[in-house]
Structure formats: C-alpha cells, structure tokens
Amino acid sequence: MRHFLILIWMVALSFSALTVPAMAQNMDAPIQQLMQTHGDALAKASRKTIQPAIDALTASGLPAAQNVMERWQAKEVWRHKDTGAFVIAEEIDRDTIRIFDPSDRSEIGEAEDKAYKQLKPNSGVRGMIAAALVKFQLTDADARVRVTALDAISRDPEASHLPALRDVIATESDPDIATRMTRLERLLTIQFGADDAERIAAIAHFEGDLGVDARAALNPLVTTRVQAAQERPDTPDVLGPITPGSDALSRMDAYALLVAENLAPPLIPPGEVRAALIRNIDGDTVAGVQVATLSTDAARNSAFATLVEQGLAEPAATVQEIDTALDAFQFFEVYIGAPPTVARAAHDVLRGIEASVALNQTADLALDAVSLASIYFLAAIGLAITFGVMGVINMAHGEFIMMGAYTGYVVQLFVPDHTLSILLAIPLAFMVTFAAGVAMERLVIRWLYHRPLETLLATFGVSIALQQLAKNIFGTQARPLTAPGWLDGSMVINDIVSISYIRIAIFILALVFLALFLIVMNRTRLGLEVRAVTQNPRMAASMGINPDRINMLTFGFGSGIAGIAGVAIGLYAKVTSEMGADYIVQSFMTVVVGGVGNIWGTLLGATLVGTMQKGIEWLNPSNTLAAQTYMILFIILFIQFRPRGIIALKGRAAEA
Amino acid sequence: MTDTTSLFPKYAKSRPVITRHPSVLIFIACLALFTLGVTILSEGFGIGVISTSFVKTLGKTLCLCLVALAMDLVWGYCGILSLGHMAFFGIGGYAIGMWLMYARTEIIVVQSLAAAPLPPTPQEISDGIATQIFGVVGASEFPPIWALAHSLPLQLAAVVVVPGLLALIFGWLAFRSRVTGVYLSILTQAMTLALSLYLFQNDSGLRGNNGLSGLQNLPGLDAVPQSVVSIWFLWASALALGLGYLLCAWVVSGKFGSVIRAIRDDEARVRFLGYSVEAYKLTVFTLTAVIAAVAGALYYPQAGIINPAEIAPIASIYLAVWVAIGGRGRLYGAVIGAAFVSLVSTWFTGGQAPDVNLGFYTISWVDWWTVLLGLSFVAVTLFAPKGIGGLMDLVPAGTPDRHGAALGPDDSALREKEADK
Amino acid sequence: MNTLLEVSGVSKSFDGFKAINNLSFQIGEPEMRAVIGPNGAGKTTFMDIITGKTRPDEGRAIFGEKSMSLLSMTESQIAQAGIGRKFQRPTVFEDQSVADNLMMALKKDRSPWAVLRFRPARDDHAAVARLADEIGLTDQLDRKSGELSHGQKQWLEIGMLLAQDPRLLLVDEPAAGMTPAEREHTTDILVQAAKTRAVVVVEHDMEFVRRLNCKVTVLHEGSVLAEGSLDHVTADERVIEVYLGR
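Protein chains in written order, with this note's numbering: chain S, 667 to 1322; chain E, 720 to 1140; chain V, 9 to 254.
One or more of the hints may lead you astray.
Calculated lysine to aspartate or glutamate pairs in the DMTMM-like style (CA-CA distance at most 25 Å, straight line) [said to hold, decoys possible]:
1) V:115 x V:66
2) V:116 x E:843
3) E:1105 x V:150
4) E:974 x V:142
5) E:974 x V:73
6) E:974 x V:155
7) S:1137 x E:1086
8) V:115 x V:73
If you're looking for bench data, these hints aren't it; they were derived computationally from the structure.
Let's have the full structure, built from the sequences with the hints guiding it.
In structure tokens, the structure reads:
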C-alpha cells in the first residue's frame, strides 16, 4: 500500500515537472541578471562578440560565475525558449533534461528538452572560456587547485593563458607557486609573446636553464625545413646550404624533395620494372624476350628498356638525370618555427643549454657509474677477502650473495615491517653465509689449499648444487625483497641529475664495508693474525697463531660480507637463484683488475669496471649487452698491460 | 767414455706407438664396436631396437667426448684450465649452422619464388632468404658475417679458421702477459661470457637469443629420413672422435707430450731449458680450440638448434667437470667422463630416473640431479682426483714396465708444484 | 780466452732494498769461476738477471761474440743462446722418466712444430745413454724421476744441463746434500765441462770451492767485494770481516 502511494507520488511529481517548467527558478539572482544582460551574446556566442560577456562574468566576482562558465564550456547551459531564463541541465535521455538553478546549483526538476535551447559554444569560444576559467583556478584559495591549474597550463599551453597568468602573478602569496608562475609566464611568452622583442627577452631568460620544459619551448622555434631553389635566397630565415649526399640529406631524399615540389620528374618506384614486365607478359615472352631468361637485373632492365621504347612503360630516371637535377638546385634549411630573429635567439640559447646539459649528463652518468661501482664493490669485497687475501678462488661466492638475498626475503615473510626486516636481515644474512662459508672451508677448501685449480672446480660444484637447491626451495621466479618506504624515490638535483635513494644507500653501505674491512684488517687482532698467516703461515703457526682457525674465520668473514651484499643487491635487483651467477664474473674481474690482495685495488677496480660499463652504455645506450661485452674485452686487454692489476703487489714475493 | 752403443737403453726398444700405448688400440676397437653395434640396432640401418632420438643422443655424446678430449689435452696435459672451450665448440656449431640454415632456406625461397611470374634474380633470392632468416630479429638484410654462408666449403673452413684465429689471438694476448693458473681460467671465462653476451644481442647478426634452428634438416636431402641421417652423423662423429683420439695420442706420446706435461708441472723450469712456453701453450690452446670447433660442428646438426645459452661460461665449466670426473691427464679418462656424465645427466633430467619417495618428501631427479652432480663433483675432486679413469690404475699391469704409468700424473709431485704458484 | 759474458753496472732493487748494486762481472770461455758470498749477497738475484728471470733496473749484460744483450731476451731465448742453469733445489720433471727428462733437455730445435714431429733417432738415444752414463743414472733411465733420491735428482739436473750443451753453465750449490764421493764426482764433471765452456758455480762450501781450483768472486751487498784466487780472497781483510762479522 505504501509502495503504491510512493509510486503515485512519483508519477505526479514527474508530471508536474514536465508540465510546469522552470517555475521554481530565481530570476532575480545576480548571476541570472548578469547572464540576461549578455543574454543574446551568450546564446549566439562567437569569438568576435563574446569577450565582453566573458569579461563581465569573470569580473563579476560572483561565486556562481565559475560554475556557470565551466558548465557553459561543457555545453551544459540551456536557455528557456520562452522566458529566456538560463539553467544548467543534464541530459537524462533523448527528450528529457534535469535542470538546476545556476545561482545556487539547486535542482529544479526535470523538463522536456523541447522547451529549452542548448548553448553550444564553438571550440574557439570554449578556448576563451577555458582561459577565463584558468584565472578562477589560478586565484583559487586552495593552493592545490592553483598547482593543478599550473600543471594543466604547462601540459597544454594556450595563448589565452598568458594574460591570465600575468594578472595573477602579482597577487600570488605562496612563493613556490609564484616562482612557478613566473617561469610559466616566461615560457608562455616565448611561445605566444606579442612581439619578437618580447619573445627574445623571454628566451634570454632561459640562458643555461636545464629544465625539460625550457628545451621543449625552445625547440619548436628552431624547427627548420629543407627547401630547394635554383638560387639560395638571401633572406634572414634562410640557413646555410646543405649538400645532397651528406648525413643531413641523402641524395634520394634531396631528389624526393625536388619531386615533391614538382621541380623534377618522379622516380619509378622500386619494383616498378618488375611490375611493368609482369603487366606486359605475353605468353612466355615480354617485349620479345623469353620470361625464363629474366633472372638477372641486367636482362630485366634491357627488357624494360624495350618496353619503354614501345611506349608500354614510363622511362625511369637515370642516374645522370638525378645528378643533373640535384646539381641544378641548391638545398638549404629555412626556419619555419618562428621569425628568424626569434629563431636565432632561441638557437643561441639552446646551444648554451645543450652544453650545460652535456655537462650535467656527464655528472648524472658519473653518479650512475659510482652507484654501479658500489654494487660491484659490494659483490667483490667478500671475494677480495677470500681470493685476494687467502688466495682461495671461490666460485660459490655468487651463491653466497644469493643466500644473503634469500635470507632477506625469508625475513620479510615473517617480519612485515620493511625497515625492521632489513635491519634484522643484515645480521641474519651475515650469520647464515658466515656459517655456510665456515662449513665450506672446513669440508672442502681446507683439503685443497695450494691446489687453486681444484679449489675452483670443487667450489663450482658447490655453486651449482646451491643454485639448484635454491631453485628447488624458492622456485624459479624472482622473489621480491622490498626496500623500506623511506628508500623509495630519488634525490633530484635538477631535471637531468638524479639518483635514487636506494643507490645512495648502497653507496653508503659500500663505504661502510670499506671502513669495516680496513678496521678489521688493520686494527684488530684477527686482522693481524690474518695478515700474518697470509704472509708466512709457518712462521705464524710457530708464534702461536692457529692457521686453521684463522683461515676458517677469514673465509667465514668474506662469505658473511657476501651475504650482506646479497641483501643490498636484492633490494636493488631481483632475487633469483641465478643472481649470484650474474655477478660472479664481474666480481672476479673487479678483484683481478684492481690487483689481488689490496682492498684499495678492489675499490679502484670496481670504480673502473663500473665507469667503463656506464661509459660504454652511454656511447651505445640501446644495448647493455654490448656494453658488457666490450667491457669484458677491455678488461682482457687491460690485463695485458697490467697483469697484476691497478695496484700490484711489488717486491720479491710478486716476482716469484 | 764407454762405448755408447753397448749401453743402448732398453726403454728405446723399437716399438710402434700403438703397442707402446695399448689404450689407443683398445679405445679405437671399442669405438668401432660401439658404432657397429648402434648401427645394427638402429631404426635407419638395423633392427630398430634403438630409437632415432637415442641414436642422436649417442652421436651427440660422441661429439662431447671429442671436445672433452680437447679439454683433457689443454688442461690435463698442458695445465691450462680453459673455461672457454665450449665457446669454440659453439662457434663451430654456429659456423656450420649458418650454412645449414642458409642452404635450406634458399631451397624454400627458390621454391616459393618459382611460382612468381618472373624468374627470380639472385638479389631477390638473397633478400627472400634474409627476410626468412632474420625476420625474427626484425632485420631483412644479411649481416657481413654471413658473406660466406652460401658456400659449404667456405663455412667448413670457417669451422676451423674462426675458432682457431680467436684462440690464437686470445691465447697470444693471455700467454704473452704470463697470465697463469686461476687468473687464466677467469680470463677465459670472461672471454666466454663476452662472446655469449655478444651473441645474445639481436644485432649480432646471428639471430640473438633465437639462435639458429632447423639444423637437423640437411639441405637437399629432405627425402632421407632422420633415422638414416642420424646414423650418418653417428658415423661422422665416431670417425671424428677416433681421428681426434689418434691425433691427441700422437701429440702427447712423443717429446711434445713431454714438454707440455713439463709445462704443466713447472713452466719456469721449461723456460730455462730453452723452450718457449708461450709458443707451446698457444699451439695446444689453438689446436684444442679447433678440435672443439669440429666437435661442435658435428654436434649441432644432431641437436638441431644452437643458441647463445649453449656458449655461456657454465657449459665450459661442465666440460671441466666431465674431464675431472673421467680423470684428467689420460685421454680415455676424458672420454669416459664425458660419456658417463652426459648420458647419466640425460637419464636423470629426461625424467626416466625413478623418483625416490622418502615418505615426507619425494625426490624428483629432474630437480635434484644438478644438486647431486654438484656434490658428487666436490666429492670426486676431494676423494678421487684421478677420476673414474683412476680405476684403471687398480688393474695390475701386465708387465713390470713402469713406463706406461706415465699416462697419469704423479699426484704428490703435482701438488708440490702447484703449491709454488 | 775470449770474454763470453760481460755484465756491467747492473742494479736491481726490491721495494727499496738493493739486491744488486752496480755489479760488474766478466767471464771468459773456457773458464771456471766460483762465486761466494754470505746470505743476501745477491748471488741468486745475479743468476736470475743473467737468465732473464728478473729484469734489472739498470746496467748491461752482453753475451757471446755477437754481443747479444741478455736484458732484452726472454728466458727461453737466453737458454737457447747457450746459458744453462741448475737450481739450488733440484727441479726435474718428477712425473716423467729420467730418459724423457734428458731427451727434453737435449740440444735440438725447440720450436713446437719441430718438437711435434720429433721422433728420437739412434743418435739421440745414444746421446741420452752417454749422458746417463756420465751422471751414473744408466740403470734408472726408465724410472720416473720423482722416484729418484735427492742426490740422484741433483745429478739428473746436471745431466740435463749438460744435455743442453750450453756455453755458459750457472750452477747453484751443486754439492748440497751430497756424500763426499758424490761431491768428488760432481767436481770432476764440472771441471771436465769447464775445459770447453764457461762455468759459474755458486757455493757456500769452501772445501768444494778449493777443489774446483779456480778464480773466485766474492759478492757482498749486491756488488763484487773481491776477486782472485781462493787464497787471495780469503786473505782479504774485507772478506774476512764480511764472513766473520765485525
């Protein structure tokens, strides 16, 4: 019963809405008054006539003005055909609209669309509305709205934004936003400035600026087009001549340009000879030649020549004809992006910018190289201990790195807080790999001291076993080792130079390791004993040092550091069972290039290898594989000249 | 001085090489019997007990034995633990693969162009082949290194020349700067890594990580069934292995063998005897690189496909594993090691080995074989440095002539020498 | 007697320690020379320089009629030019038979290709047998040299040295660890060899040096302290001081 009543009420309501139009509307509201004042201009908006209406709306200071203009822009303002009242409306279906009062956005009801006429501003008018709206947004009380507006403008700048921007700069209270506004104003002036002088002044403002937006604004100004003429005109927009056949313009492109400007006859497209011959096949001959003999270009060309003689095909331009045509014309570039004075100013500023961009790119590359070097250093430092100090070659070193990374992953499974889990993972990874290292030293390496080649093979056996074991336990897909949130993002120095915090962390970690190594080796009893055992095991033994114990601890220490390095590398790269193998050759290279037995050598080696790789990548950015290839080749050559590495052990021991 | 002729030593009794090294004769006989046996049991020529795919596996194993022989010569005899010989093996495979792929694609392209209204020009055929071969890496032109691919004799020459030259240049650089021991191993590993990374690129001209495929189809011999082709390759592989074995035995039997074993044990001393150690190492390194390449050229047509992963450093390390397990410093040891490990590997990883159910966990050999291999390798290195071939020493020698024992290294002596490095 | 080897103004330092200091030395052909000196006098480094194992920092070393500069040659080139060296610790190829060791040392074309094709002829076997007789190892020819006694290894190495037929022999403490009878035989072999070539013997044992009955050079702190007959040098004040201490 109750439902029924509601239904009836609704039907009644809808009837009333349809039949009693717009009665609830407040015709006296200031916004409505204002719109009525410009009623005809609004209803029949054109670019020429609408500006006063827009200005009036903008200047009115009415709170509803912005909404009305937005709706207007979105073609949602309708006008009653009889009363002339403006409403805001949404289409419900083909025939029905829901109307709102423009003054306070209150719903009036539904109406038949026949009674109203939709205001349809054309695109030009919409642009003017948008420009006017920008001013509303730029003066919005909410700073975020203003920033969004600035974003929108810089994404898609228009001439109309310029005056709006200029008007609001003076009143902007937030200094950051004011700076942005000024910069944007300059950028827009470059593009839409009223005269050349103004634009040139704006261009000069960006001398040496590294912003991508500055280059984006300047680059279109210096756009050129290649043109051809009998004589190179001497107008200011013409740049120097171009020779066809140079890198800038191939001969075929030059000829195509002549053809496009109807200065030369078109070339026969490739395949035309073949197509013409096929078109003219008559039985098994073409132009009197047996089809079967046309298996060489020479035969085909001669048959085609016959076709041309017979008028069955268009003659192809000969090489001589192309040459003559190209010789007859001069090719040159013309500025098409801006008037020549502006273009030249932009060109000069751009050149300056490019120089400093190159400089900053070098700096960025150096940062990249440093961070890659720290990764190599981290991967190699454990090796510098086991290989460099003890002379034990450990092919399973990479797998210790992997074990460290998986330890980090497992810790994260149990400790969801990333900061805490990393702090836990580092000592745990050290312990796990320390234990693994000690176990391996006790079980395998101890029996193979002084047999380096066999150590290499035995540790390789351990390496493949560990790798497969990891695959069996964790599967083949990469496991995530997530960095704490405070390591997300990167430190941005300018538009070109930036470095992610994780890389900075790895760099710092590398420095910490270096310090740790130096302290352990030079300041502790363990370090003293390690050095003693390394230099003369028998003498050390006779002085009460147990070489067995020292070897075990040293190996454990080196392996433990590999484990920590694994956590760091796992944060930066993916954790897979093969991640160790990816670093092992580079790690050995780092140690060998640096000079065995010297931690500074390892540091230098890592720097060299990292810089080399980044440098080669920069020369050939598309291809990191090639970079690695060439880097390895370089290292092989490097070892020719410094077989003992950068920092070579000197003295009698080295000569033996 | 006494009259020297009366002191003519008993060791110098004039005996042919074969009888002084009976193992060579035994080996050749075993190889011949094996080949004959497989032929009789094959589907192509015999009673069909052995499947064609298994014949291919056996043929491939013979090639692996050949490359293991090369590895034994360079490592077991000359002491250079090269981790690059599988790279030479792979280059051999690529060299022959280029011709196989080119020639077969040429036939297909010519057939498809035959339907065109005009007979194709050489350029059209070449473009067609290039599009077929390099379409997969988005290219349609022949890279310069394919310039010889149309010619079988030239590519066969490339099988020998390219790895030979590479080994010569690399070896010259490495030996000249007196890089030895583990450093040399690492350097050869780096070379291998560089090569495989290079081949992984799409613009290397060898189809990047797609590699070369369809190599099992011999151009122009589509009518011959694979069962027959597989036997042909088995014969070729057996012949190559036999000849390679004779060559290696000849090389190591005389004074050259003496010198390279001396280099292995104490290269500085050999220098003071007036031998140019670098030249000998270079000779052995290059010779073995060529043998490895020939083995590869026979292997990949049986495998059917070659890609850069085959060249990765791990493959060369596995090669060292085979030789070590078989017993280095004796030629038959290398062959036994390669045959045993690769066949057992095939058996385990092929899923034929029964899984072991421990109640709480089922050991699936496909997953655990590598673990077992790695650990057994450690065990062999630790407990049986002579490898499987060392078992032969347990067989009492027929005569008290101890000269035959020179086939194996004297372990205690070797260790002392290595300790000095 | 022509000058075979002339070393002049050679210096070599390791990490600031001057192992050889402006050393000059000459030896003719044939001649026997004993070099003595306390530990660290630079005897071994001196030999290392002549045989190409160590490059000196400065100085010259000229060998033979053609005045070859040894400092620009490799160890193997120097050995081929005719300088043979016996090490203090016997280093023979223990894995190989005595005959193989001698055969390898025999003066023949050393290039890999020639060695590859080399098959011992009757003459070669005869040469090996003669050498074995000379060093008393005839019965051991078939044995692995690793199985020999210490003294026998010393002999074998001397035999290998003779097999190279060098013009200059550098012999480092040949008599170490030998019985008196063995020493005597060694002396005989060296004296015999010195009849046709230059022999430099480094030795601590004065008795052995006396038996060689030759000119003696005393090294001290990397340079020549005294030179002359054994009686002459042992009478020298400075030599006594060096040997007996201050």
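Against the structure, the hints come out as follows:
| no. | hint | verdict |
| --- | --- | --- |
| 1 | V:115 x V:66 | violated (32 Å) |
| 2 | V:116 x E:843 | violated (60 Å) |
| 3 | E:1105 x V:150 | holds (23 Å) |
| 4 | E:974 x V:142 | holds (22 Å) |
| 5 | E:974 x V:73 | violated (32 Å) |
| 6 | E:974 x V:155 | holds (21 Å) |
| 7 | S:1137 x E:1086 | holds (8 Å) |
| 8 | V:115 x V:73 | holds (20 Å) |
The structure shown violates the earlier hints numbered 1, 2 and 5.
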